[in-house]
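**Q** Residue numbers (UniProt numbering), protein chains in the order written: chain H, 1 to 473; chain Z, 1 to 473; chain U, 1 to 473; chain L, 1 to 473.
Just so you know, the hints here were simulated from the structure itself, not pulled from any lab data.
Don't be surprised by glycine CBs; every beta carbon is placed ideally from N, CA and C.
Hints may be right or wrong, so weigh each one.
[As the list claims (entries may be wrong)] Computed list of lysine-lysine pairs in DSS-like fashion (alpha-carbon distance at most 25 Å, straight line):
no., chain 1, residue 1, chain 2, residue 2
1, L, K293, U, K248
2, Z, K97, H, K248
3, U, K346, Z, K293
4, H, K346, L, K208
5, U, K248, U, K202
6, H, K443, Z, K443
7, U, K248, Z, K97
8, U, K346, Z, K248
9, U, K232, Z, K97
10, H, K248, L, K293
11, U, K293, H, K293
12, Z, K97, H, K293
13, H, K208, H, K232
14, H, K248, Z, K293
15, U, K103, U, K202
[Unchecked claim] Pair by pair, the computed Cβ-Cβ distance ranges are:
no., chain 1, residue 1, chain 2, residue 2, range
16, U, E370, Z, G107, 52 to 60 Å
17, L, E102, H, K334, 45 to 53 Å
18, Z, S378, U, G63, 29 to 37 Å
19, Z, S166, U, D76, 43 to 51 Å
20, Z, N333, H, A230, 39 to 47 Å
21, H, K334, L, E340, 36 to 44 Å
22, L, R375, H, K229, 34 to 42 Å
23, Z, N333, H, K229, 34 to 42 Å
24, Z, S378, U, E370, 58 to 66 Å
25, H, A65, L, R375, 43 to 51 Å
[Claimed, not checked] If you want the footprint, here are the derived chain U segments under chain H, 3+ residues with CB under 8 Å:
no., region
26, 264-277
27, 396-407
Number of protein chains: 4
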Amino acid sequence: MKKIQFADQKQEFNKRPTKISRRSLSRSISQSSTDSYGSAASYTDSSDDETSPRDKQQKNSKGNADFCIKNIKQADFGRREIEIAEQEMPALMALRKRAQGEKPLAGAKIVGCTHITAQTAVLMETLSALGAQCRWAACNIYSTQNEVAAALAEGGFSVFAWKGESEDDFWWCIDRCVNVEGWQPNMILDDGGDLTHWIYKKYPSMFKKIKGIVEESVTGVHRLYQLSKAGKLCVPAMNVNDSVTKQKFDNLYCCRESILDGLKRTTDVMFGGKQVVVCGYGEVGKGCCAALKAMGSIVYVTEIDPICALQACFQGFSFAFISLLLYVVSVGNKNVVVREYMDRMKNGCIVCNMGHSNTEIDVASLRTPELTWERVRSQVDHVIWPDGKRIVLLAEGRLLNLSCSTVPTFVLSITATTQALALIELYNAPEARYKQDVYLLPKKMVSKCVFFVVCNMGVGQNYGRVQGFESFF
Amino acid sequence: MKKIQFADQKQEFNKRPTKISRRSLSRSISQSSTDSYGSAASYTDSSDDETSPRDKQQKNSKGNADFCIKNIKQADFGRREIEIAEQEMPALMALRKRAQGEKPLAGAKIVGCTHITAQTAVLMETLSALGAQCRWAACNIYSTQNEVAAALAEGGFSVFAWKGESEDDFWWCIDRCVNVEGWQPNMILDDGGDLTHWIYKKYPSMFKKIKGIVEESVTGVHRLYQLSKAGKLCVPAMNVNDSVTKQKFDNLYCCRESILDGLKRTTDVMFGGKQVVVCGYGEVGKGCCAALKAMGSIVYVTEIDPICALQACFQGFSFAFISLLLYVVSVGNKNVVVREYMDRMKNGCIVCNMGHSNTEIDVASLRTPELTWERVRSQVDHVIWPDGKRIVLLAEGRLLNLSCSTVPTFVLSITATTQALALIELYNAPEARYKQDVYLLPKKMVSKCVFFVVCNMGVGQNYGRVQGFESFF
Amino acid sequence: MKKIQFADQKQEFNKRPTKISRRSLSRSISQSSTDSYGSAASYTDSSDDETSPRDKQQKNSKGNADFCIKNIKQADFGRREIEIAEQEMPALMALRKRAQGEKPLAGAKIVGCTHITAQTAVLMETLSALGAQCRWAACNIYSTQNEVAAALAEGGFSVFAWKGESEDDFWWCIDRCVNVEGWQPNMILDDGGDLTHWIYKKYPSMFKKIKGIVEESVTGVHRLYQLSKAGKLCVPAMNVNDSVTKQKFDNLYCCRESILDGLKRTTDVMFGGKQVVVCGYGEVGKGCCAALKAMGSIVYVTEIDPICALQACFQGFSFAFISLLLYVVSVGNKNVVVREYMDRMKNGCIVCNMGHSNTEIDVASLRTPELTWERVRSQVDHVIWPDGKRIVLLAEGRLLNLSCSTVPTFVLSITATTQALALIELYNAPEARYKQDVYLLPKKMVSKCVFFVVCNMGVGQNYGRVQGFESFF
Amino acid sequence: MKKIQFADQKQEFNKRPTKISRRSLSRSISQSSTDSYGSAASYTDSSDDETSPRDKQQKNSKGNADFCIKNIKQADFGRREIEIAEQEMPALMALRKRAQGEKPLAGAKIVGCTHITAQTAVLMETLSALGAQCRWAACNIYSTQNEVAAALAEGGFSVFAWKGESEDDFWWCIDRCVNVEGWQPNMILDDGGDLTHWIYKKYPSMFKKIKGIVEESVTGVHRLYQLSKAGKLCVPAMNVNDSVTKQKFDNLYCCRESILDGLKRTTDVMFGGKQVVVCGYGEVGKGCCAALKAMGSIVYVTEIDPICALQACFQGFSFAFISLLLYVVSVGNKNVVVREYMDRMKNGCIVCNMGHSNTEIDVASLRTPELTWERVRSQVDHVIWPDGKRIVLLAEGRLLNLSCSTVPTFVLSITATTQALALIELYNAPEARYKQDVYLLPKKMVSKCVFFVVCNMGVGQNYGRVQGFESFF
């Protein structure tokens, strides 16, 4: 294997929009590859031995050893997690069932780099059922569910991933997916752009046979647009991140559920009768407000934009200055909740962040000598003022919905279905249809995807029949 | 007065998007000027004498006779209606109070052509308090509230309007606003474009002194864009119709209230426990569904667009084929509810239209010999099938929210405030700021307007203080 | 006819619980017989001639003249109102259809004294379809819908009632129902006890053939208990007023709808974004709060009982001192809203009463010289303070839901179905089952009734089938 | 210590209402003392060593050894849990603060036997702050939070309890609370009646100095009524179980939150768009339905009682036969969900129990050879039909809200406050006020308690001031 060397080659990747760079200069993997992705990893047993997977010799029950994971023995537990996820991914399962006969991905050799979770496993097994061969690495060094990786390996997938990879491990795993004798990928499914970057830098000739890239993340899409702008993109790419489904559904409907879930799991607080201030009445704020109001909380809003403020009024929310008993943050700006506000909050106030980044709460201002921090549970700190007042800070001000609650599988299933359809589209499209450019998923395909989701929700049987969409492809 | 003649001059007005032209070729006023505008006129006493106002000699209590209305004696009743409206237009009243000192419209001579309703009266009296002189005609031959016109005349406004004008009356009234000795308008407030059209055709030289046009309606805006495209627009114009406030608030929040109001006033139906099918889950449908669900109806949705369908799912609505007990139509397509569906509806099903035009329900298909129509109340028909089944058709399939319920004054107050601010902006803008073009209201001004509305809602006191907007202008 | 004389005979009726007696001593009809019953009469044409119906000679189209009403020519209009009501009374219509064959009331001669409204007409025509003969008078001198009375007369019913009876007319009408040759009633359906009282005093021997009394009102039931206590009740009586259906459904579900309806019809106010104080969080208050919250109002509660207060908290309502923009009263105490509070209310505050009596708002305290009253619409007064502040008082502080909104027919249909079943039960019961006493409707019969209502709501088809109630009787 | 012997003495305890006796005859502790109390114990570290606490010698940091618990070293962790609980028990904390000066329990020697949880710890420390001395044992052999017991021991309380006691341990612990030299209890706080029973049988003379018993559980109250009936109750007892607060709030408001919490923690299911059947529309069902509807589920109801069914209709729920995607059980009957229904459910259907006992789902019928059970997570089983269909069964059909979600501390705080007030009342009452009988908490005291809760909810400040309750005692 060639020595990994790319520090000088990746200028165009340096301009990506990261609010606070927590990486030292010597680190080179993308930021998203190191962010902790809480919930997905929450069922992972932490008591495993400390031998590096790279030093282990493991085989699955059929004798296959073309993988590298933590512990093949966890396969059964992982299979259970996958089965749970399948229940909540009806559209993908229906796609699997429906397209199994025609195998639209027959001949596809997909190399993937995403979070290795139960939901991804359902996607991979669907791709496989549609005819594809897959090799997979993790796009984040912390987020792999080891037992799911085990189940995939047991099922014959070449998976190279474990929870707690080092940076060197990270690139090693990616390389092992790509650099294998007798197998050359013709499709890329990426989340963050690291896999694409790697192939670009190490095996550029591979792109001759690659029919397209499907990219999921903001960061990865940004990288692709830069490549495209620089004239260096040599295959068509599909931007799945900006599809309307993600924007429309992830924020409002996920947050409506995860605000309740996250608060319950961390604090067991009763919602009924609590006074809550939600900072910001955008999509995330709307979801949080709707859920808390429905549970009997008394919800106040702060909002700068008058249009959103008027919407809040018409939905029955009033405005608040000061901090009340339970405090939820949902906006995307920096330092919305500053020390001064927290100084004025009442004893017992819970402060948490449902925003987009980790900078909404000025946590740094709480790290001063006169305040005492007490860790009372995992993800829960009491910050204690000199007069004894306690503020309950969740997840140290990081995103509650990623740190302390699960992302509903159902929502992920929309994304996964979109990815599968994007792969099918790129793989089967006539050569002329897509140029060497970044494409938004065509509205028609998004509709197809959502239509498919609706038809398979249980509630949507009528929907399908009404519209008369008999054949999907 | 010159004879009215313009048949040959108005080609560019013929392309406006009217779905079904119900006018004979000899008619020349805009379509919107003849549509019945139900609720606004609902309190008008119909027992007036039949003498044409043009043949009457009337003076107000101060001896002023520069107006032409139905009956000056109704002024007191009209004043009451205006006072009721003032209660629901806090932003406009606050603007009146706040800007009274600086009189930003001092010197403005505004000629207006809008629905003459209590809400318009509040606008006119505000413009007057800000320093403007006003002359006003009706933009619709049916919609004038005679008693409000009387109150305006009594208050010294030169109003030329009454309910039930002929087409000749219509143009005569407009002409009387414009063509008056010793008074030349410098601002136009129009709704439908007929006033603008009239000045264009009859007194084009007036535009030399006119600083701008504020236009409210789809039709009028369309006309302005055509003029602009043809290079014939000679003053700046402000398109108030497409402002975000209208799109965002009118549909969702108005319909949420008017669906309940319209159904109650026509049928006294109990909502709790009723099964309702709402056709279409756009903004209007969302408002209808939310209201009916909250009142305990069991709501089903039909929807073609999968994105909206998925939103409906996530909000807890399921899909239906067939017609259930109470039927609400909200989409904007033609013939959504066809005869076949109505043949399959249950006895007693109520069918009504909350859409954008009057073509959603195929009413024509019900005008067949085998079906009997019975008018059971104003705006309520029973259509009776041969087997005795009755369908309850509201407003003969026309828009329920215009025909059978009032438009909440509060929502109109947002539009009226926007109009007032647009007039102030155009009147006071440095010459260079606006060219001879059609402008969308600047986002900043919209925000100002909405901010002002929120601050004066009662609920928004905190909002104003939080944001620190101390001075508005 | 004997001269009417009963001043000395009615001691036991004098103790009935009337909060404020507004009747002179010379008046002798029950209080409920003079209270205005707003909505029911709202469609009555007031332009009729002034001849007393007692002086008119009228026949229906079949030559029958055994009735006394305002104007037989209004029959068609009345028929329409009855048809509208039928749509909302599915349980009663189903009972009519189902029991038509077996005619469980064959031979019954029912004399009735209730409000003569479209809903009553549906009940009477059902009783007739089940085999009964009916003669009917009004229980209230104002509440008769003349056109409905006309339709009943046209249909062959002996109805004696019109809107605006004098007291002498009132008793004359009742007497004409009872005192007719060749017809002797064997069942009584009463609302208020006046009919029962009349027979008791004038024709006591009639009770020998009477099988039972069904009584609807609080007052009437009170009178019956007094008779029973005094040992003077000589037939079984059924107390329909205290049935669980009335207590459980009327308050919560009716008020949830009528608070919105009443406010819209009187003030056209927009609910979204309004601040509302609801005084009292009992069943009525719960209904009002739920509806206003759902429409986007910001709702505050005042409440004395801590249990209800805690329920309000858990439902997300907070407590308020002072009067906010829109003010709703729902409690049953005297003088909840006193002058002092109204002095502190903001300009434009709407004050209305959803309580049980008419004493919740201290209206008397507003009838002072420094305050000006302006009647701005029917049922709407502006009370103006010296500084110009206006309070909007609805229905002069009387019950909004009776004065300014309709009672949903559907809810009345539950009562009417209960009455019909009570009549059937009393008429067909074995002699020994009911003694000379007042009976609550047996729980089993209430269940039957409600079950029947649910099964015929459209939504309840499954309900019926699930429970396997195949035969109803 | 005398040998424990009571098999012959406890006849009157044998009649207590246990639905299914799962105990062998040789067991003698009350049923409630062995039921697993899931959530309370969920944070207990299970990795402790296996030495019996009775064999350990432990001292707290001040040298005190008068306790017997699992591990004094867990005190810090326990203190954190107590601090978390304090945040949600504002009424109790306010009572502690307010009554600290007057020490209404000065001289009280309370022996208690309840679940040893963080909430109980807050109660005990409050009693201590009010002047009482306490000795405490666990009322359930599984429910003790060891770390909380440690914190209490570290704080100087004589606690005798650990998770996983044997039956002998159980009685030994109780005995150690009572049978101590130089200390004789004068108040009893019991949950289940085992403590009371023990004193009765072993140390009857102690009752001479005991001022009263406060009992929390159904079982314990039942025992007290039996004693009272038999004339054997020799002190006054307060029945806290049947207080209105418990009945009114626990079911509706707790279940509204715990249905969501329990489903999320076990299955991570997304609620939006799911079809749910809730069996039974009593208080529990109402809470479940409200929560699920608010989260966007499509909710169907089954219900036998027509009154509840009509309420469901008016709230917008329809009825369902068959099993849809997500299935929730809430009724209190046996075998509501039978095998036949489960045979007809769709693949992936989740079945859980929110009822009152553990018999609603016929789990026994699923333990047949043709069905395969797979444990996929703690408390989550997949039951697999021969055709591959999976039903997801939660908590093996036991109560979801006890097994898989936490009981909100806030609700427990109402009970704890009631207990404290009951102790104060009994301890301070004039001798004549309470006889040797079982008393319901006086309505006035319940109101006081709830009032106190409301005033300290954060949202209730206004409430307190409005009502003018300045002094509480």
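**Q** List in ascending order the numbers of the hints, as given earlier, that are violated by the structure.
**A** 2, 3, 4, 5, 6, 7, 8, 9, 12, 15, 16, 19, 21, 22, 24, 25 and 27
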